[in-house]
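Residue numbers (UniProt numbering), protein chains in the order written: chain A, 1 to 301; chain B, 1 to 224.
Misleading hints may appear alongside valid ones.
What the hints assert, rightly or not - In silico negatives: residues of chain B with every beta carbon more than 10 Å from chain A:
no.: 1; residue: S10
no.: 2; residue: D71
no.: 3; residue: M75
no.: 4; residue: R78
no.: 5; residue: Q88
no.: 6; residue: H92
no.: 7; residue: S106
no.: 8; residue: L116
no.: 9; residue: E169
no.: 10; residue: K183
no.: 11; residue: L197
Claimed, not checked - Okay, the calculated beta carbon distance ranges per label pair:
no.: 12; chain 1: A; residue 1: A202; chain 2: B; residue 2: Y57; range: 27 to 35 Å
no.: 13; chain 1: A; residue 1: F287; chain 2: B; residue 2: S10; range: 49 to 57 Å
no.: 14; chain 1: A; residue 1: R295; chain 2: B; residue 2: A55; range: 55 to 63 Å
no.: 15; chain 1: A; residue 1: F34; chain 2: B; residue 2: G14; range: 43 to 51 Å
no.: 16; chain 1: A; residue 1: V276; chain 2: B; residue 2: P134; range: 44 to 52 Å
no.: 17; chain 1: B; residue 1: E111; chain 2: A; residue 2: L250; range: 24 to 32 Å
no.: 18; chain 1: B; residue 1: A55; chain 2: A; residue 2: A188; range: 29 to 37 Å
no.: 19; chain 1: A; residue 1: A188; chain 2: B; residue 2: H92; range: 44 to 52 Å
no.: 20; chain 1: A; residue 1: R59; chain 2: B; residue 2: H92; range: 58 to 66 Å
no.: 21; chain 1: A; residue 1: R20; chain 2: B; residue 2: G14; range: 26 to 34 Å
no.: 22; chain 1: A; residue 1: A269; chain 2: B; residue 2: Q131; range: 52 to 60 Å
no.: 23; chain 1: B; residue 1: S10; chain 2: A; residue 2: A188; range: 57 to 65 Å
no.: 24; chain 1: A; residue 1: A202; chain 2: B; residue 2: V219; range: 38 to 46 Å
Claimed, not checked - Partial list, computed: chain A residues near chain B (C-beta under 7 Å):
no.: 25; residue: P24
no.: 26; residue: R147
no.: 27; residue: A216
no.: 28; residue: G270
The hints are simulated quantities; they were obtained by calculation from the structure and are not laboratory data.
Since the model is a prediction, treat every value here as computed from it, not as a measurement.
Note that beta-carbon positions come from the ideal geometry of N, C-alpha and C, so glycine has one too.
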Amino acid sequence: MKVNLGRYMSMLAGDPLADRAVPPTGYTANLTVFTAGAMAFLAVFALALSLATGRLADRWSAELARTSTLRISAPADQLAAQEAAAVRVLETTPGVASAKPLTTEEQQALLEPWFGPDLPVETLPIPRLIEIIEEGDGYDPAGLRARLQAEVPGAILDDHTRWREPLIAAANRLRLLATVAILLIAAATGAMITLAAQAALAANAQVIRVMRLVGARDLYIAGAFVRRFTLRSLTGSAAGTAAGMLAVLLLPKTEVAGGFLTGLGFQGAGWIAPLVIPPLAAIVAFFATRAAALRTLRANS
Amino acid sequence: MIELDRVAYSYGGGELFSDVSLTLAPGSFQFLTGPSGAGKTTLLKLCYGELVSTAGYVRLFGKNTREMERDDVAMSRRKIGVVHQDCQFLDHLSVAENIALPLTVSGRAQEAGDYLEDLLRWVGLTHQASQLPPQLSGGERQRAALARAVIISPDVIIADEPTGNIDWEMSQRLLQLLVELNKMGKTVLIATHDLNLIRASKSQVSTRVLRLANRRLHVAGAEL
C-alpha cells in the first residue's frame, strides 16, 4: 500500500518541465473545466436533496413517533363523559407524558385550510380529538387500545404508524435517489474526463513518441496528463460548487414559503458538506486520467 | 552493449531483412550503409528498442528486448543517445529545453545547468538556445539533435542519416563531433548513404563499415 501511495503521490508531484513538454490542448482543457464545473453544480443540489430528505425523515420520524391522536366518536350527549374517561385512562397510562383534548378553536384551526374560517364546528358532528404526547419509550399501543375499548367505547387510537411509515419510506427513498444521483454524477465526470484525456493523449501522440525516445517512462508521461487534468477538474469543480452553493443560498427561505422544496438547503455544519465536492472531483479526475493514460500508453507501446 | 543475433524483421507480409547479426562493442565506431529502403532505419530502431524483431534476438545491455518491460526499454534508452534523421524535436520547446529533455524525463533536470551551456558551445548553438526548433537551419537542427543525444552521457550513440540534409562543410563538422565522442569512449553507430562521409572518417578514427543490402548485412570491403 505504501508503495502504491508513493507512486500516486509521485504522479501528483509537480515537474514544470514535464508539464511544459506536453502542450495544452485548448478544447480538452475547456471541456474538462466545464464538465467538472457543471457536475459539481449538480452535485451540490443532489447533496442538498440528500441532506434535506435525511433531515425530513428524521424530523417526521421523531415528531410523529412522539405524538398520537385519540379520536372519540359518540352521541353528542356522551361525548364529554367519554372524553373525560379517556383523559383519565391516558393519565394513568405509563409512557404518556400528557393528554390534551383539543379545544373547539384548535379543531377549527385544523379544518380551516379545507373549509375556511367560518366553519361552525360546534354545530357539526365532529369527533373529539385528544393529543397524546409520549415520554420515555412510549406507551404500549395494544394495551392502551384494550383499556380504551373497555372504558371508552367510542375511542379510536391513532398512533400515526400508518402515516409515519410511508412518509419515512418516501423520505428515505428520496435520500437514496439523491445518493445514487451523486454517484452517477461522479461516474459521468469520470467518463467525460476519460474521454477528454484520451483526446489529449491522441492529440499529443508525437510528443509522447519523442518523450519515449529520450527515455521517459510511462508513469512520467502519464503524470504530466494526470496533473493537468486533476488541476483542471479541481478548478472547474470549485467554481461549480461555489455557484451551486450560491444558488442554494438564494432559494426562498422555509419560513417564507413553507413546504418541502424550500427546505432544500444546507443547515449549520451542513454547509461544510459541499466543500468535499472539489477534492472528490479531483480524485475522480486523477484516477480516470491515470487509467486512461496508462491504458493508451500500453496500447501504443 | 547492443547485440543482434540472427535477427529478422518483417512487415506487411514481406521480409525486410533476415539473419542479421551485429555487435556494438564498447568504444567501436561503425557505419551502416546500403541503398534506400534496405532497412537501415529499421535496423537502428531494433538497436534502441523502438521495434522488436520478428525473429532472432536483440539484446540491449544483456537483456532480450522481447522480454523487456516497457520501463526496462525506457531505462535502456537512457544509455543510448539517438540522432534521428528528422531530429524529432518538440517544436513548442526551446532548443535548450529540447536538448535537456533526456535529463528532464530522467528526473535529473537540475543537472543540466552548466553542462547544457558547455554542450551548446560545443555544438555551436549558444546563440540559438532560446529559439524554437523550426527556426533552426538543417545543420543546426542536426547539431542540436546530437547535443540532445549526448546530454545524458550515453554509452552508445546512434545516428540515422545525420548528414542527410546538410552541406558538406557541416557534415564534416558533425562527423568531427561524433569522432570526438568516440575518442571519449562512446560507442558510435552511424547509418548513412554518404560514402564521402565514410571515407572522410577513415583518416580520423578506426571504423568498421557494414552494408545492408539484399536483406542481408555484410561487412563492406575495400571498395570504400
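Structure-based check of each hint:
Chain A leaves B/S10 outside its interface by the beta-carbon criterion, the shortest separation being 20 Å against a cut-off of 10 Å. Remark: the non-interface label on B/D71 conflicts with the geometry, its nearest Cβ contact in chain A lying 5 Å away (cut-off 10 Å). Distance check for B/M75 against chain A: the nearest CB is about 7 Å away, which does not clear 10 Å, and the non-interface claim fails. Annotated as non-interface, B/R78 brings its C-beta within 10 Å of a C-beta of chain A; the closest such distance is 4 Å.
For B/Q88, the non-interface assignment is contradicted: its Cβ lies about 5 Å from the closest Cβ of chain A, within the 10 Å cut-off. Here B/H92 does not stay apart from chain A, with its beta-carbon only about 5 Å from theirs, under the 10 Å limit. Separation of B/S106 from chain A is inadequate, the least Cβ-Cβ distance of about 6 Å not exceeding the 10 Å criterion. With 10 Å as the threshold on Cβ separation, the claim that B/L116 sits away from chain A holds: the shortest Cβ distance comes to roughly 12 Å.
With 10 Å as the threshold on Cβ separation, the claim that B/E169 sits away from chain A holds: the shortest Cβ distance comes to roughly 28 Å. At roughly 24 Å, the least C-beta separation between B/K183 and chain A is larger than 10 Å, which holds for a residue marked as non-interface. No Cβ of chain A approaches the Cβ of B/L197 within 10 Å, the least distance being about 24 Å, so the stated non-interface status holds. Separation of A/A202 from B/Y57 is about 33 Å and conforms to the stated range, judged on CB atoms against 27 to 35 Å.
A hinted range of 49 to 57 Å is violated for the C-beta pair A/F287 and B/S10, which are about 40 Å apart. The given range of 55 to 63 Å is broken by A/R295 and B/A55, whose C-beta atoms sit roughly 30 Å from each other. Between A/F34 and B/G14 the beta carbons are some 49 Å apart, a value that agrees with the proposed interval 43 to 51 Å. Look at A/V276 against B/P134: about 47 Å separates their beta carbons, and that is inside 44 to 52 Å.
Hint check: B/E111 to A/L250, Cβ distance near 56 Å, so the stated range 24 to 32 Å is violated. About 48 Å separates the C-beta atoms of B/A55 and A/A188, a value inconsistent with the hinted range of 29 to 37 Å. Look at A/A188 against B/H92: about 32 Å separates their beta carbons, and that is not inside 44 to 52 Å. Distance hint check for A/R59 and B/H92: the Cβ-Cβ separation is about 59 Å, which falls inside the suggested range of 58 to 66 Å.
At about 41 Å, the CB distance of A/R20 to B/G14 disagrees with the hint of 26 to 34 Å. Checked against the given bound of 52 to 60 Å, the beta carbons of A/A269 and B/Q131, roughly 57 Å apart, stay inside it. In this structure the supplied range 57 to 65 Å is violated for B/S10 paired with A/A188, their Cβ-Cβ distance being about 45 Å. The hint said 38 to 46 Å for the Cβ distance between A/A202 and B/V219, and at roughly 44 Å that hint holds.
Nearest Cβ of chain B to the Cβ of A/P24: about 10 Å, over the 7 Å cut. The hint is violated. Interface restraint check: A/R147 against chain B, minimum CB-CB distance 81 Å, threshold 7 Å, status violated. Here the hint on A/A216 is kept, as its CB sits about 4 Å from the closest CB of chain B, short of 7 Å. Annotation: interface hint on A/G270 violated; nearest CB of chain B at approximately 44 Å, more than 7 Å.
In summary, the structure is inconsistent with hints 2, 3, 4, 5, 6, 7, 13, 14, 17, 18, 19, 21, 23, 25, 26, 28 from the numbered list given earlier, while agreeing with the others.
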